[in-house]
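Each chain sits in its own coordinate frame; assemble them with the hints.
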Amino acid sequence: MGRHAESKIITDFLAQIAALTTHAKDPDLRAEQEPLRYLCLTALWQLLNNAFQNDGSTPLSNQQIHLLQQVDIQVQASEALTSTALHDQVRQLL
Amino acid sequence: MVSENQHHEQTRYDAILILNKPRTCFFIGNKNRFVIVVPDFLGIVLSDITLVGHRAMRAFIPPTVLERLAELSQSVADKQSFGIIALNKQAIVKIFNETESRLSGLSKAEVMGRNFFTEVAPCTASRLFRGRFRQGQNDGALDEHFYYTFTYRIRPISAHVHMLYNPQQNPLLFIFIDRIIQLYEDLG
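These protein sequences, in sequence, are chains E and X. Read the first sequence against the working numbering and you will find it ends at 96, with the numbers running on by one and no gaps. Read the second sequence against the working numbering and you will find it ends at 287, with the numbers running on by one and no gaps.
Any given hint might turn out to be false.
What the hints assert, rightly or not - Stretches of chain E that chain X covers, calculated by requiring three or more beta carbons in the stretch to come under 8 Å of a beta carbon on chain X:
(1) 45 to 55
(2) 60 to 74
Said to hold, decoys possible - Have a look at the derived ranges for each label pair, beta carbon to beta carbon:
(3) E/Leu96 x X/Ser180: 32 to 40 Å
(4) E/Glu8 x X/Lys207: 23 to 31 Å
(5) X/Ala208 x E/Ser85: 22 to 30 Å
(6) E/Glu34 x X/Gln267: 51 to 59 Å
(7) E/Leu83 x X/Arg226: 41 to 49 Å
(8) X/Arg278 x E/Leu38: 31 to 39 Å
(9) E/Thr13 x X/Ile253: 20 to 28 Å
(10) E/Ser85 x X/Lys178: 28 to 36 Å
(11) X/Lys178 x E/Phe15: 44 to 52 Å
(12) X/Gln189 x E/Asp57: 19 to 27 Å
(13) E/Asn56 x X/Arg278: 18 to 26 Å
(14) X/Pro270 x E/Thr24: 47 to 55 Å
(15) E/Ala20 x X/Ala169: 50 to 58 Å
No lab work stands behind these hints: they were computed from the structure. Remember, it's a predicted structure, so these values are computed and weren't measured experimentally. Glycine residues also receive a C-beta, built at the ideal position from the N, C-alpha and C atoms.
Pulled out of the complex, with its shape left as it was, chain X reads as follows (with noise of 0.2 Å):
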């Protein structure tokens, strides 16, 4: 059982953010989220500031979901807030919970049976989506984090995805998604 201070410890932080004139903005939300105010009157200019990296990459599963793959059925993937895909081996969907159907637009009966790549989701069947998805069958276990965007005619939106991959505990691979607000986009 991993407790409330250690799931908090897994969380990634990956941005640096450089204020080339400091106190000269304010930052308004807490330590995950937050968005720059930038005064008019001050006379900075958006090229004060340089973002190296992006925000922070959080770990938004909750332990009770991935200490119990085992038990995750469509069901239980349905009680949580982001989206939950299961693949098995030959890429089918199995899983498809109500929150990523709702969020994408896709019903369970248009996905369910079909191969993720090729015919529910085309746009992620490039190196880094499929590609780490066939790294997990080969390796035989994944637990990796990347940012995806998704464009594929649809309105583009990012997200944070993490695909798990422990046949020990479920043949299924699982892909998690969180999808984030971009608060910065080209500030440099």
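Next comes chain E alone, as it looks inside the complex (with noise of 0.2 Å):
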């Protein structure tokens, strides 16, 4: 697979995870899935930035760079709707 069809891949699901939230009309499912879209974002730029930096032989390119502020501009969005527990404890988890 290429770099730019696996880069769409990425920014289609960080699009669906985005309506999976937003557009849900009960506001209590809205209040229930913030944090698991948080929890479900943090482990996806993880997961990246762990596959990306490999063994440490080459940096980072320009578009892995791009990908991972790209799901990092999605985590601080949902950060600022969670809370600072859920941040701790993610952070301890991952």
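Laid out in structure tokens, this is it:
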């Protein structure tokens, strides 16, 4: 799979995750979805970072950096809507 | 005591550059840092150059620092021109030098006494970075070089990281950081 195709899958995934959270009409459901979105996005960032940094034989490419930053923008948005207790728990977990 | 020549012998080179059309490019610089100049009028395109690996991973710590790890205190670390962070077994920051503070934008007060991987630099809580730290703790020694690209909420920067743990000399695990400028990105 090409790098562009890989990036598109990730960006589509980010859009889908955002839609599953923000499009929920029931406020209770939205409140439950947001922490899950935060966990999911944080884990995704970690997953990508681990894979891209690999064994440390080369620095990251511009495309890899851009993709990590795209995910992090979503993490930050979700972070603003979730508790610091959750952030600490997720950091400890990951 | 390691002589200057021996220090240079520690230099690691891992870059292989293949010019598909030789004698059409100029190199400006020295053997460690150089740029490739490709004149437009020769009709050369970047795909004519293949970069395998990357530029040299060069030893950047003076022997005087490496050999006197036991004496590497905060004040000694502050005199160095590269980043130095020292962690205890629990990954709590015990030394954070002036250079690292200036280049990272983090004050000493913000990081001293905090957990490096969870509170100071969460982007290093990775298999590569934290994994090496844990491996060093388990093995009781560590002397590893690797590249790491910091992207987390800062201007992205790549660095050559030298992680050193020699408990016979110092109970702290040292992280030496030499930031690099990427000269050729995605040439192919």
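Hint by hint, which ones does this structure get wrong, listed from lowest number up? Hints 4, 7 and 10 not satisfied by this model.
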